[in-house]
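Asker: Here are the chains, one letter per residue:
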Amino acid sequence: MIEIKNLTKRYGDKTVYSNFSLTLTEGEITCLLGSSGSGKTTLLNAIAGIIPYDGEAPKLNCSYIFQSPTLVPNLTVYGNLKLVCNDDEAIKNMIARVGLSEKENSYPIKLSGGEAQRVAIARAFLYKSDILLMDEPFSSLDLKIKKQIIELFFEMWKEDKRTVLIVTHDPDEAASIAQRIIFLKDGVIAEDIFPQACAPRPLYGGGELREKLVNLLIK
Amino acid sequence: MKKFFSDRKFNIIYSLVAIIVMWAAWVIAYKAVGNSLIVPSFGDTVREMSACFTGADFWSALGGSLWRTLTAFVISFALAVACAAPAYCLPPVRAALRPVMAFIRILPTVAAIVIILRWTETNKNIAPIIVTVLVLFPMIYAQILAAADGIDAGLGNLVKVYKIKRTVALFKIYLPAISPNILGQTGANISLGLKIMVSGEIITSTFGLGGLMHNANSDIMIARLAALTVLTVILGLLVDIAFSQIARLTYKWSRKEGAG
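Chains as they are written, first to last, in our numbering: chain A, 1 to 219; chain B, 220 to 479.
The set of hints was computed from the structure by calculation and includes no laboratory data.
None of these values were measured; they are calculated from a predicted model.
The beta-carbon is built from N, C-alpha and C at its ideal position, and this holds for glycine as well.
Mixed in with the good hints, there may be bad ones.
Facing chain A, a subset of chain B residues (Cβ under 8 Å, in silico) [stated by the list, open to error]:
#	residue
1	Ile232
2	Leu374
3	Asn376
4	Tyr381
5	Trp472
Given these sequences and hints, build the entire structure.
Answerer: Structure (structure tokens):
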């Protein structure tokens, strides 16, 4: 179990979280769903140690897939992965795993959005971490590429099975991949949903779960 | 017709046209003024430029000016890095340096030369170097800070999350992030430094391009003065172009073509 206890975070006069607590099951994909400004990214950044906060959160090794790929522009695909892993063979295998062997020596400026996000996913799985944090990682991708990347992510996660906390405001993404969906509103857990059908579920498949999530978002 | 104005291949033609216009303005001014002691002829100036190339004193003077300019640039760069690094990391340092840099930047150059000459009476060669440093140092400081401020904040988060070692982050992420900007402006900085150095040499009669200009003026050799001025401008341009090309070729990762 990964426990976050009594987390409090303020930005000036605005309180985003006040004594917020959350328990994550290890090896599970948990999705944080909420509208813009509900504090989802703040929670992720607090867990990752990017921002200070009051309260208890375990000191974890985190992998992070940011909203934009955040690749180092002056390093090749190989060089970017070398920053988080010293095992050359593992790096080459991972580059092949994400289908970018031909782009191993390419700089990020030559990669498409989908390719860059593949590198970010490769980096996240290559790094030995306790939890994988993902901040709206698919939001900038077009529908076809998004489906491919989500499928790639899920295949890699099935081999790896690390704890994942993914932030999204897209009910289709949440309905597709999450084993647990936490709906955040005003810094509190408004709903905690455990979908009955196993993940992954079809992306854009509609269904009751998706309708429920949409209704939560638009309420 | 539209392609003629929009295609970058034709930019060189526009530059040539501008040069021809400047030459024409010179010829018109010479004819209008009608006094070679005020506006020398283009032909006399070109003849003096040729004479410079065969004169030993020109090359010694050129070497002296360049050496002093590069010395001033290196000193300015080192000082700028030494100040910009703590200013970037510590906001109070940045705030404290703000009025200091403003003072140095706005200080009138000629007044500074005259004051420094009084302090360096035994070694006049130092005065142009000091003044060049006073001009370049705050400028390079501001450029380094601007480049550092422009680093993608996401890269900082990447370093934190993935616990990348500080030395690795500094040499593989942060310095490469700012170096294209810095290198790209180095040519312009050295050119400006040369301009200030030569001005300083004229006032202090230091042996260099400025010293030769001072002597030419004293001897009322106006065509030679114009020739030395044009040669200094050409030298500055060559330095600027050289560093721009070095920056362009070095940072292939910042260009889509040739980036793998």
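Asker: All hints, please: hold or fail.
Answerer: Here is what the structure says about each hint:
At a threshold of 8 Å, the smallest CB-CB gap from B/Ile232 to chain A is about 30 Å, leaving the interface hint violated. With its C-beta approaching chain A no nearer than about 7 Å, B/Leu374 sits inside the 8 Å limit, and its interface hint holds. For B/Asn376, the interface hint holds, the least distance from its beta-carbon to any beta-carbon of chain A being 5 Å, beneath 8 Å. A least Cβ separation of about 5 Å between B/Tyr381 and chain A falls short of the 8 Å threshold, and the interface hint therefore holds.
For B/Trp472, the interface hint holds, since its Cβ comes within 8 Å of a Cβ in chain A; the closest pair sits about 4 Å apart.
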